[in-house]
Every structure is written in structure tokens, then in C-alpha cells.
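Please work from the sequences and hints to get the whole structure.
Read off the chains here:
Protein chains: 2
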Amino acid sequence: MSDANVNQLWARVLVEELVRGGVRHAVVCPGSRSTPLALACQQTEGLKTWSVIDERSAGFFALGIGKRSRTPAVVIATSGTAGAHFYPAVIEASLSNVPMLVLTADRPPELHGWGAPQTVPQARLFGEFARFFADTAVPEANEAVLAHLRATAARAVSMARRAPRGAVHLNVPFREPLAPTPEPFGEERLSALVRQGRPGVPMTHIHPPSRSPDLQALERVRQGIAATERGLIVCGPRDEEDGFAQAIAALSQATGYPILAEAASQARYGGGAATISLYDVLLRHAPFAQSHRPELVLRFGGGLTPKRPQQWLDSAGARTILFSDEGALFDPSHRAEQVIEGSAVTACEVLAQGLSRGLGAWARGFLHAEQLARNAMEGVFAEQSELSEPRIAHEVVASLPTGANLFVSSSMPIRDVDAFAPARGVTLRTLSSRGANGIDGIISSALGMAVASEGPSVLLSGDLAFLHDVGGLLTAHRHRLSLTVVVVNNDGGGIFSFLPIAHASEHFEALFGTPHGIDLSHAAALYGARFHRPTTPAGLRAALAEGLRGGLHVVEVQTDRTGNVEHHQRLFTRMAAAVGEGPWA
Amino acid sequence: MSDANVNQLWARVLVEELVRGGVRHAVVCPGSRSTPLALACQQTEGLKTWSVIDERSAGFFALGIGKRSRTPAVVIATSGTAGAHFYPAVIEASLSNVPMLVLTADRPPELHGWGAPQTVPQARLFGEFARFFADTAVPEANEAVLAHLRATAARAVSMARRAPRGAVHLNVPFREPLAPTPEPFGEERLSALVRQGRPGVPMTHIHPPSRSPDLQALERVRQGIAATERGLIVCGPRDEEDGFAQAIAALSQATGYPILAEAASQARYGGGAATISLYDVLLRHAPFAQSHRPELVLRFGGGLTPKRPQQWLDSAGARTILFSDEGALFDPSHRAEQVIEGSAVTACEVLAQGLSRGLGAWARGFLHAEQLARNAMEGVFAEQSELSEPRIAHEVVASLPTGANLFVSSSMPIRDVDAFAPARGVTLRTLSSRGANGIDGIISSALGMAVASEGPSVLLSGDLAFLHDVGGLLTAHRHRLSLTVVVVNNDGGGIFSFLPIAHASEHFEALFGTPHGIDLSHAAALYGARFHRPTTPAGLRAALAEGLRGGLHVVEVQTDRTGNVEHHQRLFTRMAAAVGEGPWA
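Chains as they are written, first to last, in this note's numbering: chain C, 1 to 585; chain P, 1 to 585.
Do not take every clue at face value.
If several chains are the same, the list does not tell them apart, and a pair holds so long as it fits within one copy or across any two.
[Stated by the list, open to error] Capping the alpha-carbon separation at 20 Å, the derived lysine to aspartate or glutamate pairs in EDC-like fashion look like this: (1) K48 <-> D491; (2) K307 <-> E546; (3) K48 <-> E506; (4) K307 <-> E176; (5) K307 <-> E454.
Keep in mind that the hints were calculated from the coordinates and are not lab data.
Take a look at the structure:
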């Protein structure tokens with residue numbers, strides 16, 4: 001077997017093991033040193049291969065696939081700085097428990113340290129943010145080292161998929177020649193070697209221990225619930241397992257506790273009867289906030305996006321139980337007295353057994369206030385034909401059919417969806433970068449989400465997030481992907497206008513507002529997207545309807561950064577005032 | 001003093017110390033946690049502040065400034081994944097000895113580890129690629145901690161600027177409130193505190209030891225030179241100090257050795273009389289290569305870009321001396337028997353003393369062969385009106401006036417400039433990413449180069465490198481920068497067509513060729529650049545002439561990936577054949 005074929009065998013075995021471990025998508029960036037890995041992806045059955053030119057975009061694309069499918073995509077870069085572009089996505093994966101499998105091709109050891117081109121020390125390139133790192137050996141056609149390679153690949157997939165999920169990194173050195181040799185390749189013999197072992201089963205099938213929640217701890221929580229009428233179920237951003245909305249709905253019914261469901265909690269759209277969305281507005285009404293302090297809080301997922309409700313919860317003095325599937329501790333104010341790790345769905349099911357309080361006056365108080373605020377919001381919307389930022393968020397969510405996917409950018413879009421897109425009966429998957437809350441890689445992440453799902457996909461983004469990852473659209477163009485990108489364009493960083501800095505510095509526009517005057521229609525033209533620029537709610541709905549039928553769409557809605565702050569305040573004031581028109585139960 | 005003013009004081013003191021250490025440019029990315037640092041940049045005299053929206057682009061922009069000015073630019077990101085986008089630029093800085101000063105704003109210690117938003121462990125974010133890392137304390141208005149801050153800032157600048165130069169990283173936590181408080185700021189008192197110490201002088205002025213080359217070692221080299229007529233001066237990519245071309249020219253005159261000067265060696269344009277550029281072609285002529293093997297090689301900078309001349313040197317059996325200003329060991333084939341660290345300019349001057357061989361038959365042999373190859377190339381160009389890739393590289397360099405800056409992308413552009421843009425008498429600064437040889441961040445790096453220089457600036461890029469960093473143009477648009485970007489658009493990764501993989505896989509186009517069909521005029525429109533699409537050499541020259549007068553220009557030249565390989569081969573063959581028409585001396 002020639003040298004090139006050894007590389008090929010090595011890469012094929014490695015990729016075959018990844019697929020046996022459950023990997024279904026490969027994201028491949030162009031490069032020479034990674035040639036054997038790129039080819040192996042195309043040659044391995046059961047793997048869909050995506051070519052992505054910019055490694056940063058590729059990293060977020062893989063992140064989006066991992067988020068949506070909860071299965072790691074493998075993402076591959078050549079040697080040099082290429083792999084370093086994965087870093088932001090790797091960090092986000094680590095903080096939001098998204099599985100991802102990073103392969104960096106490398107030059108062999110004898111080329112390191114003496115100035116060979118495109119040679120970077122790549123070991124532990126992602127530091128503490130990789131859940132697992134291994135440097136594979138230089139390829140050899142030798143049973144012992146091939147077994148080690150298979151086992152290492154199996155272990156890498158296992159580590160990416162087990163709690164706490166995250167990115168793992170294999171660094172894979174190759175010697176030249178990198179391309180298959182031109183003489184007959186011996187594909188049959190190669191395939192036989194690659195297929196050794198049990199088809200579809202990893203070389204070393206590692207079974208992590210069950211992560212069933214602690215039953216004794218749950219029993220004590222149940223006793224607390226039984227003794228407490230004024231309880232709340234609070235669902236922050238999370239996306240750990242299927243069936244969560246149903247489990248939470250059942251728990252709500254059993255406990256009589258309303259559900260404060262954040263936009264990206266997977267409990268708001270298609271959730272329980274006592275789902276509360278407009279908590280931010282409700283709690284702006286001081287008498288309501290004062291009279292509805294809970295005594296027990298069951299928290300799932302991350303902290304709530306708006307500050308006020310989270311602070312209200314933190315200051316309520318309630319006993320707080322945090323359910324954390326994978327051990328992430330979303331409790332910066334240290335209110336949780338118990339943290340219960342393991343499947344939250346199981347925890348809900350266990351807790352609901354033997355409880356049957358049903359929704360009573362306590363829950364109805366929240367629901368009634370929610371309805372009053374909602375009526376007020378819809379009243380304002382009915383009066384206006386203006387496409388304000390709250391209205392955009394509202395219309396986007398309202399237009400999505402069951403089974404649709406919505407990626408929501410950090411910064412203003414997630415706040416607006418959370419505040420103005422209340423619960424609906426349709427089941428939506430709402431994803432956001434909830435680990436490090438960056439506005440980076442948003443387009444690429446949404447595209448990854450889109451290719452990992454059968455349903456239609458929409459991204460709601462601000463203009464800075466859009467421009468930050470505009471190159472991500474190249475992948476949509478090259479692979480003819482379907483995504484509708486709604487860009488709220490307020491010509492700069494809208495969130496800063498809500499912060500004290502907006503009034504505190506003459507340098508505000510230059511450093512924070514950062515207006516750019518970019519005409520986004522050119523971005524659509526550059527990447528072959530249909531472009532829409534609606535100015536009315538009906539126009540936005542029409543553009544969304546067209547987008548949901550397929551293809552790549554950029555829907556720009558122009559808004560005004562300064563007016564936006566006022567508009568939010570007016571809307572909040574009117575909604576909160578409506579809450580004041582109780583009685584609430 | 002209110003809390004906000006403590007943050008402000010802290011940031012002002014820190015930035016003031018950086019300026020005292022010599023920093024002249026600040027690259028600021030929008031963010032909230034970094035507010036005090038961003039404002040401090042605007043408020044500090046002697047610092048030019050650039051707002052850049054995408055942190056990756058900002059990192060490369062700072063890299064370009066550092067490359068061109070050999071002085072670190074400070075680049076600032078907020079907390080979270082933002083700083084991770086600097087990673088590729090930090091790695092390139094580390095490998096190519098470019099000074100850079102990275103500041104990441106951070107949340108204070110009490111917000112870490114418990115799920116607070118936008119909170120990432122940022123200590124040692126860049127691993128072994130940062131020359132120095134320090135976590136500053138949480139701001140306090142206390143003389144002892146302020147002295148520590150000043151001294152740490154002074155040390156950071158010193159570490160970035162001393163050999164081996166590279167990126168340093170300070171992580172700076174801030175507590176809220178982040179904006180200056182609205183009450184009277186007490187600017188006078190604040191300024192007095194900031195200005196404490198000696199104006200323009202660092203708090204702790206650290207003087208690194210002199211890096212004069214070892215005189216005894218140089219004396220032995222001089223004896224070797226005196227005893228050896230067949231010697232070569234080989235200058236690979238390097239850009240360590242001013243005066244290099246002159247020092248090399250004088251050394252060449254003194255030793256009688258011709259100078260093989262790579263395109264980015266700073267010895268080719270405005271270099272010595274015995275400068276040889278077309279070495280790749282000369283050595284394709286076997287009798288010439290055979291009869292011109294050197295016995296002594298004085299190497300400066302990195303390895304030569306084309307493989308053949310480097311392999312010829314490696315296999316010549318010559319005694320090889322590597323001059324390495326900052327200790328980087330560009331010698332992957334381990335031919336150097338001596339490595340002489342320290343200023344190469346000084347080393348040249350010391351060596352030239354007492355030698356006066358002058359250019360003789362040995363050097364004239366090279367020069368004559370170079371002239372023959374050059375005549376052949378110009379003959380081919382005179383026959384054709386086609387804008388081939390070699391011709392583009394040739395015309396771009398030929399059109400630049402003294403004092404111009406040329407950034408050349410890795411991959412094909414640097415190879416084409418090296419092969420087809422021979423020595424000229426005008427002095428040019430030619431920069432490329434010679435550390436890790438990536439095609440990343442090219443537009444942003446070139447823009448950084450442009451703002452750090454008075455002369456006109458041109459970037460020669462391929463289409464993939466252009467698309468990889470297309471968002472970098474946003475900074476040019478926002479700050480109305482002048483740069484002429486020449487994009488050789490062969491609709492994909494042209495270099496792969498030169499590799500064996502081009503003929504070895506049915507998946508070549510999908511994974512390596514990666515055609516995209518993008519119309520680059522839309523990119524120019526998106527970022528407000530003048531767009532040119534010349535199809536003849538005269539058209540290209542006209543576009544370049546317009547670009548050199550100022551403004552942002554995108555000059556696209558469309559070529560054909562497959563035809564390009566053949567074209568190179570034909571041109572090389574004709575040029576090498578011309579060499580065969582010696583005699584060479």
C-alpha cells in the first residue's frame with residue numbers, strides 16, 4: 001500500500017468510526033493537508049458533506065447542526081490558522097452544551113518547530129473549551145495503531161455526545177503525498193479494511209452512566225410543592241431534550257404553578273395552558289409584582305433574558321430549585337438551594353406523580369394579567385401600521401407554522417421576541433446562542449439549523465449581527481439552502497441606545513452606535529438571495545410567507561435606533577397599565 | 001469618586017500607559033463591558049481610534065498596523081466569544097513576530113462560573129500564542145493597585161515590542177456601572193490622576209538587552225566568505241527592520257554574492273545590483289541549476305515561497321548560515337550549521353567590513369541568466385493582450401511607485417508575484433502573512449497596513465481570500481479608507497489545480513475547486529467601493545492608476561483555473577528555455 005493510500009485508509013477509518021458513533025453531517029473547509037479527511041467524508045456512506053469556504057462560518061454551521069439535531073457534526077480544517085477560526089463556535093458549544101467534533105489536519109511532527117509553512121502548534125488549540133483532545137498518530141497501516149485510531153474516534157464521539165456535551169478536538173497529522181496515488185487504488189481492499197468491525201457499531205461502544213435525577217432529592221422537592229401553593233415554574237433558554245414542553249405542561253397542571261417561559265426555552269410555543277410570556281411587562285406593574293411573589297421557584301435552563309423578571313425572582317426570597325440537565329449552573333445570584341442534575345423531562349415526570357392540584361386562583365391571576373397585557377399589545381398593533389422592532393418580532397413568530405425553526409440573534413432580537421411574541425399553540429423550535437450570548441456566526445448557525453431539519457427555517461437578526469457573519473451566506477448560495485433571514489436594520493448597534501452610555505458620551509455614535517449606512521440589497525445580490533424590504537406588517541407577512549415556501553431570502557426592515565427606545569417604553573407602559581386594570585384572578 | 005469613574009480612571013490610566021509605551025493606534029469593537037476602554041481610547045491624546053464591528057477583522061486590522069509600523073496596535077473586545085475572534089490574527093502575529101496588544105474586557109470574578117450571560121473564562125484565551133498574559137485586578141482608586149496597573153501595562157507593551165515580538169493579552173474585568181455617571185465627571189481631577197508620572201515615559205521603562213549579533217560567530221562567517229567565491233545571499237520573506245535592502249546590497253557588493261530575493265523579503269524592490277528574482281525559472285533549467293550550486297549560503301528570513309529553489313538550496317550541500325533577527329528557525333530541512341540571532345542589518349554591516357570582492361563572474365552568471373529569462377517573459381507578455389494570472393502579478397508590481405505598500409495574499413498571489421514580478425529600482429514595502437501562510441484576514445490586514453502608512457496601498461488577493469474576509473471592507477467603508485484591492489477571480493481555489501489532487505478525485509470541484517459563481521461587483525456595491533473589471537493589461541494599469549490616487553477600489557480580473565495551470569507551465573517553459581541560450585557569464 002502506497003503512502004497516499006495509508007493516509008486514505010487512516011482518514012476513511014477515522015470518518016467511518018465517527019459515522020458509527022452517530023455523526024451524520026461533515027462540514028469541510030478547503031485545504032491541502034486535510035485532503036485525506038475531505039475525501040473520506042465524501043466516500044463514507046451515511047454522511048452528508050458540506051463544503052464551506054470560511055472556517056469561522058463552518059464552525060458555526062456545525063454548531064447550528066449540533067444545536068438542532070443534538071448530534072455532533074464533524075467540521076474539518078487544514079493546518080495553520082484555519083482551525084483557530086473555529087474558536088468562537090467551540091466556546092459557544094462548550095457553554096451551551098452543543099456537541100461538535102472538530103478535526104484539524106496537521107503536518108507531521110518532523111515539520112514542526114523549524115519554520116515549515118502553514119505549521120502551527122495545534123495541540124489543545126481550544127484550551128479548556130474542548131471536552132476532549134487527542135493527537136492521532138501519523139498514519140500507519142498497522143493493526144495496533146488502526147485499532148487505537150478507531151477507539152480514539154469512538155471515544156471522541158462519545159465525549160461530544162455525553163453530558164456535559166460540547167466540542168471535542170482531534171488533531172490529525174499527515175505526511176505527503178496527500179492525494180490518492182494515480183495507480184489503481186485498490187478500493188475494494190481499502191473498503192474491506194475500513195469496514196472491519198461491526199457495521200454501524202462503534203469500535204469501542206462507551207456507555208455513559210444514566211443521568212437519572214436523584215429520586216430522594218425529587219421527593220423532598222415534591223413535599224415542598226405539596227406544601228406550597230404559590231410556586232412558579234421558570235423556563236429560561238434551554239434545548240436539552242425532546243418532550244420538554246409536554247413534561248413542563250404536565251408538571252404545571254399537577255402543581256398548579258404557572259410557567260414563565262422564555263422565548264428560547266422550548267416551553268413557550270406548543271407549551272402548557274398556564275404559559276406566561278409577558279412576564280417582563282407584568283412585573284413592570286408594581287402592585288402585580290408585589291402581590292405575586294412566589295414562595296417556591298422551579299427553574300429550568302438559563303436565566304431569563306430580561307433583567308427585571310430575573311431580579312424579581314432573585315429578590316423574592318423564594319426557595320429555588322434549579323434543574324440542570326448537564327450540570328451547567330445558571331445561578332449567578334446564588335439563589336438556588338438545590339441543583340438537581342439529570343434529565344429535566346424525567347424530573348418533571350417524577351415530580352408530577354402524586355400531585356394533582358390543577359390550575360387554581362394563583363395561576364389564573366397570572367394568566368388573566370397576561371391576557372390583559374396581550375390585549376393591550378394587540379390593541380396598539382391594531383392602531384399602527386408601522387413596522388416597529390417589537391412588531392417585527394411579533395409578526396415573525398406569529399407567521400411560523402408548526403414544525404418551523406426560528407434562530408434568534410442575541411442582543412435586541414431575543415429581547416424583542418421574548419417580550420412581544422407571546423405563547424402560541426404551534427410547536428416551534430427556537431434557538432439562540434445562549435452560551436456566551438454573542439452576536440457572532442448567526443447566519444451560519446441558522447443555516448446549520450436549517451440543514452438539520454425538515455421544517456422551514458427563519459433567522460431574526462439585527463444589522464450588526466448580519467454584517468458580522470454576512471459571508472455565511474456564501475454557503476447558502478453554494479449549496480442552494482433555504483433560509484429566510486429577517487434583518488432588523490436600525491443602522492448600528494440598537495441595544496446600546498438602551499444603556500446609560502447612550503447619554504453619557506460624545507463618542508457614542510462612533511464607538512457604540514456605529515452607523516454604517518450599508519444598503520443590504522447588495523448583500524442579497526452578492527449571495528443570490530431574494531431581497532424584500534417591507535414597510536408594513538402586511539408586507540412583512542407576505543415576505544415571510546414567500547420565504548417559508550423555500551429558497552434563500554433576505555427580508556430587511558428598516559427601523560430607527562432612537563425612536564426604537566421610545567417605542568419600547570410607550571408599548572411597555574401601555575401594556576403594564578393594562579395589567580393595572582385587574583382584578584387578576 | 002463614583003464606581004463608574006473608577007472604571008474610567010482605570011481604563012484611562014491603562015490606555016495612557018500604552019501610549020507612553022509607544023502605541024499609536026487603537027482598534028475598538030463595539031460592546032458594553034468594554035465601554036470604559038473604548039471611551040479611554042477616544043480620550044487619550046496621541047492615539048488614533050478605529051471602530052471595527054467584526055472582531056476577527058479588527059484583529060487582522062491591528063495585525064496589519066503592527067506589520068507596517070512594527071509598533072503594536074491595541075485591539076479591544078468586549079467579554080464573551082468576542083475576543084476569541086482575534087485568535088487567527090494572534091497566531092499569525094506570534095509566528096511572524098508582529099507586535100500586537102490585545103485587551104479583552106471581562107466580567108468581574110464574582111460573575112464567573114455561575115451562568116451569567118456573556119461570561120467566558122478568558123484567562124490565557126490565546127494559550128501559548130500570547131507572549132504575555134495578565135489579568136488586571138478589578139478597578140480600584142488606590143495608589144498601590146493603580147501603580148500595579150501602570151507597571152503591568154508598561155510591561156505588556158515592552159513584551160509585545162521586544163524580540164521575539166508578538167501578541168500580548170491583558171484581560172480587564174469591570175464591575176457595573178460601565179458608562180460614566182451623568183453627574184459632573186471631574187475631568188480635571190481625573191486627568192491629573194491619569195497624567196501622573198512622567199509624560200511620554202512609561203511608568204516602568206524596561207530596557208531589553210541589546211541583540212547585537214555574536215561578533216565571534218560573524219568573524220568565522222567572514223572567514224568562510226573570504227575563502228568561498230561561490231556563495232549566495234538568500235532572502236526569504238522578512239520585514240524585521242528598516243535599511244535591510246541597503247545592508248544586503250552592500251553585503252552583496254562586498255562578498256560578490258548574488259541576492260536571491262523573495263517578493264516579500266524587502267530586498268527585491270529597491271535592492272542591490274545583483275538581485276535575482278526569477279530563481280524559480282533559472283533552476284528549472286537543469287544545466288544552469290547543476291552548474292550554479294553554491295558552496296556557501298547566507299540565509300535571511302523565511303524559506304523561499306516556491307518549492308524548487310528551496311529544495312535546490314537544501315540539496316546543494318552548501319554550508320548554510322541562517323540569520324534570524326528574533327530567533328525564529330526557518331530551517332525545516334535542517335541545513336543551517338549556524339544560526340546567528342540579532343539584527344540582520346548589523347550582521348550585514350559587520351560582515352561587509354574588510355571584504356571587497358565586488359561582483360565577478362559568479363554573480364554575473366546569475367544576472368545574465370535572469371536577464372535572459374526576463375526578456376523571454378517580457379516577450380511573451382508583449383505578444384499577448386490576455387490578462388493571465390502571471391501577467392496580473394507582473395502588472396500590479398510594475399505599476400507601483402516608490403513608497404507604495406503591497407499586501408500579497410498567501411496561496412497563488414504570493415507565488416505569482418514571486419515568480420513574475422522581478423526586481424525594480426523603486427522601493428516598495430511588500431507584506432504577506434508569512435507566519436502561518438493563511439489566506440485569512442487579508443483585506444483587514446491590508447487595510448491596517450494602509451492606515452499605518454503615508455504611501456498608497458494595494459492588495460493582491462485571490463477570490464477565496466477575498467470572500468473569506470469580504471466583511472473587512474466594512475471598515476474601509478465606515479472610515480473612508482483608501483485601498484486598491486486587485487482580486488484575481490478564477491472562481492475557486494486556484495492553487496489546488498497545481499496539486500496532484502486535481503487529477504485524483506471525482507470530488508475535486510466540490511471539495512477543492514469550490515466554484516462559487518459570485519459576481520464581485522455586488523461586493524463593491526455593498527461596501528461603497530469603486531468597481532473595475534479590466535480585461536486587458538492597459539485596462540488593469542488604468543484601474544491601478546485610478547486606485548493609486550485614493551479611495552476604495554475593487555479591481556476584479558477574471559481568469560480560468562484550468563487554463564491557468566497550463567499558462568504557468570508554458571510561460572515557465574519558455575523562460576527556462578531562454579536561460580538555456582546562455583552563456584551565462
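> Which numbered hints are broken by the structure, listed smallest first?
Replying inline: The structure conflicts with hints 1, 2 and 5, although it agrees with all the remaining ones.
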